[in-house]
Amino acid sequence: MTIYDPEAWLITTLRGIKDYAKIGFDNAVKNNLGASVGDEVYEIIMEYPSADTLAKLAPFTKTIVHFEIDDIDTPIFGMGNNIFNWNYDPTLKWVRPQEAQKHILNFDVGIWASDRSGGITSRLRAYEILNDLFGGASAKNKLMAATELNDGGVELLSFTGGRFLADKVNDIIVHRMVDCTMMVQIFSRTPIPETTEAIETIEEILQDQSGLTIPS
Amino acid sequence: MAKLSPYTARRSMISIHPIMFEQLEERILEAKLMPSRMIPALDILCHIMAITNQGIAQDMSAGPYDPTEARPELAWRTPEQRIRRISEKYYLGWKVRRLGIGKWMLYNDSREAFFIEFGIHPSPRRVRRPVRKLSLIKTLKALSTTGVYHRIWANIYVGPGGKVKGSSAFVQSPLMGTFGGPLLGRRLP
Numbered sequence: 001m002t003i004y005d006p007e008a009w010l011i012t013t014l015r016g017i018k019d020y021a022k023i024g025f026d027n028a029v030k031n032n033l034g035a036s037v038g039d040e041v042y043e044i045i046m047e048y049p050s051a052d053t054l055a056k057l058a059p060f061t062k063t064i065v066h067f068e069i070d071d072i073d074t075p076i077f078g079m080g081n082n083i084f085n086w087n088y089d090p091t092l093k094w095v096r097p098q099e100a101q102k103h104i105l106n107f108d109v110g111i112w113a114s115d116r117s118g119g120i121t122s123r124l125r126a127y128e129i130l131n132d133l134f135g136g137a138s139a140k141n142k143l144m145a146a147t148e149l150n151d152g153g154v155e156l157l158s159f160t161g162g163r164f165l166a167d168k169v170n171d172i173i174v175h176r177m178v179d180c181t182m183m184v185q186i187f188s189r190t191p192i193p194e195t196t197e198a199i200e201t202i203e204e205i206l207q208d209q210s211g212l213t214i215p216s
Numbered sequence: 001m002a003k004l005s006p007y008t009a010r011r012s013m014i015s016i017h018p019i020m021f022e023q024l025e026e027r028i029l030e031a032k033l034m035p036s037r038m039i040p041a042l043d044i045l046c047h048i049m050a051i052t053n054q055g056i057a058q059d060m061s062a063g064p065y066d067p068t069e070a071r072p073e074l075a076w077r078t079p080e081q082r083i084r085r086i087s088e089k090y091y092l093g094w095k096v097r098r099l100g101i102g103k104w105m106l107y108n109d110s111r112e113a114f115f116i117e118f119g120i121h122p123s124p125r126r127v128r129r130p131v132r133k134l135s136l137i138k139t140l141k142a143l144s145t146t147g148v149y150h151r152i153w154a155n156i157y158v159g160p161g162g163k164v165k166g167s168s169a170f171v172q173s174p175l176m177g178t179f180g181g182p183l184l185g186r187r188l189p
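Just so you know, the protein sequences line up as chains E and C, in that order. Going by the numbering used here, the first residue of the first sequence is number 1, and it counts up by one from there. Going by the numbering used here, the first residue of the second sequence is number 1, and it counts up by one from there.
So here's chain C without its partners, still in its complex pose (with noise of 0.2 Å):
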């Protein structure tokens, strides 16, 4: 079973650790011995996933408060230095949304998230600030020291057009590749 750590912080759920995905990798591997298990144990692993990137994200957009804009020399703030907070809508704007099984998605809803993400501003001056993007490869790079990599190949990043926004992504099972280890190219159930 996976491990909700209660968070001190109000409003909060759950806190993630990567302790947590060992034990979905429990459960998961618990799940194989009962299909109907399956699908759910996984779902809940893209849920997961999806909620650590929100919160990278929010991260990354929880730069200084500055609502009356007083401090210019925090503005076009990277998202490794944090991006500074005037309305807070971008920072509290980071959401999860559950299209299918298996399908979550992290969307921001304020206006200006579509601008910090590529660059658009009327101004000559313009800094792109990707942290959507950023924050997904973040996720990725810390799940890879968990014990569920294995099941996630996430190396193409596909665009709107695509079937998932953010990026793609297909799983695989521990136990039915070689001895070796998994087999690639095989998709679970």
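Chain E extracted, bound-state conformation (with noise of 0.2 Å):
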């Protein structure tokens, strides 16, 4: 499972989401000893499957699950310059500051699945399994729980929509569902700066207070 790094936040949020989904659509089906099978079920597809993939892939034997970003939100938040740690260091007299700032991912969710996969059917088991996984405020608590380690976690906001359709991929006929959305909030940080950017700082003033007179 892939633990989320504020600063590599882009590549641990994505790993940490297929991760999780991947664990989760395999621990949901089992076979007749209790084990889970999920895997040779589901393929979890962190990208709009392009031409290639899809062509490769038909007919499918297993149903895809595909999550995109469509978008990455970076709104302004707090006063200032938003420097959250400044890093001093009391020997060499400077810091190194790192920068705070929040992310808001905007997923588009799929699923694919012919008939040989298991049709609708399978389709709709998707989405149960997908929302088991990521609706709800368990399955917000699930996701944090997963990806945290002391460090920030990923913070599932939503997770809506979904409509089924039938379409053709090579003349098979896959069966989809499309515009469905799914919004995850994470705070990443700078890596710390190198120490040729580190900034001299200011020191105190200490004041001998023995020496001190109140004037009459």
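These are calculated hints, taken from the structure and not from any lab test. You may find that some hints are simply not true.
[Unchecked claim] From chain E, some residues computed to sit far from chain C (all C-beta separations above 10 Å):
{"id": "1", "residue": "Ala8"}
{"id": "2", "residue": "Leu10"}
{"id": "3", "residue": "Asn27"}
{"id": "4", "residue": "Asn82"}
{"id": "5", "residue": "Asp89"}
{"id": "6", "residue": "His103"}
{"id": "7", "residue": "Arg116"}
{"id": "8", "residue": "Gly135"}
{"id": "9", "residue": "Gly152"}
{"id": "10", "residue": "Glu155"}
{"id": "11", "residue": "Arg189"}
{"id": "12", "residue": "Ile192"}
[As the list claims (entries may be wrong)] Taking lysine-lysine and the DSS-like style, the derived pairs with C-alpha atoms no more than 25 Å apart in a straight line are:
{"id": "13", "chain 1": "E", "residue 1": "Lys102", "chain 2": "C", "residue 2": "Lys138"}
{"id": "14", "chain 1": "E", "residue 1": "Lys142", "chain 2": "E", "residue 2": "Lys18"}
{"id": "15", "chain 1": "E", "residue 1": "Lys102", "chain 2": "C", "residue 2": "Lys141"}
For every residue, glycine included, the Cβ atom is placed at its ideal position computed from N, Cα and C.
Can you join these two chains into the complex? Each is in its own frame, and there are hints to help.
Take a look at the structure:
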């Protein structure tokens, strides 16, 4: 499972969501012995399937679930320059500030199922699993717990929509889900600047109180 | 009062400018003094937002004009690149319709709109070009720089099963909250 790293925020977010979804889908299907076999039924792709991918995979033996980033919103929050950690070095008398940012990622979520991969039932089941994994308050907690290790995590904001339609890939009927949106929120930070970019500090002025007198 | 600037293009009535939203905000604040005027003022805001969304969607659909399809290199252009116009039905198909008080819908009545939005095509070559969704996001970002944004919190994009197609938004009043600003979740009027 990929843990969220604020300094590699986009990579770890995508990999974290992929791993979380992959494990979730894997555990959602059990064989007769009770073992998880969902990875033989579902495939998670973190982009809209390209023409080459679709041509290669058709007819789909697995139901494909895709997550594609449609928008990354980085709103301004707080006042000033958003430095959250100055990294003060008392020996060298400098600071190496790190900036924090907030990002809201807007994903398009889609399902691609063929008759060979289970057809309409497979598509419905995939949506049910998606809703378990990403819809509701418990899903929010589960995604955060799966990606967090004392340094932030992926926070689920919403999972909405979903429209079912039939499409064709190379004359093979594909049962798709479109128009489903998932939004997550993360907080990133810039890496610690190099020592050459360090900023010298103005140290405090200490006053010897023993010599102070109160004028009469 | 909202300022409606005459636009020079043929068959056009107004142009959208950020100042317009500032003035709309003033109108809404003024309408607070008389509750009967409040809902019409918010209805105008929704209408202008829908028109703004329509303009951005048209902009994304206003790619190079190629009626004979003589330039295949222009195919599959993304919304940011502006989608190629063949018959122009898609470009001209963006329309705004009133569903009720404070409810305005942006839609495209051309047949190809559905295919373009969701990447549906019989050939293996297909590209998803979500103009409707991206234009709505762009509209909200544009509005976030104006004075009315505190009234609009559209973080959820609702599908066709939702009550509002395109986005879900609720409205709040700047004066009904605490001293620190508007209280989240309050609804107008």
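How the hints compare with the structure:
| no. | hint | in the structure |
| --- | --- | --- |
| 1 | Ala8 | 25 Å, holds |
| 2 | Leu10 | 18 Å, holds |
| 3 | Asn27 | 27 Å, holds |
| 4 | Asn82 | 17 Å, holds |
| 5 | Asp89 | 37 Å, holds |
| 6 | His103 | 14 Å, holds |
| 7 | Arg116 | 17 Å, holds |
| 8 | Gly135 | 12 Å, holds |
| 9 | Gly152 | 20 Å, holds |
| 10 | Glu155 | 12 Å, holds |
| 11 | Arg189 | 23 Å, holds |
| 12 | Ile192 | 31 Å, holds |
| 13 | E:Lys102 / C:Lys138 | 18 Å, holds |
| 14 | E:Lys142 / E:Lys18 | 14 Å, holds |
| 15 | E:Lys102 / C:Lys141 | 15 Å, holds |
Going through the hint list in order, the structure satisfies each hint without exception.
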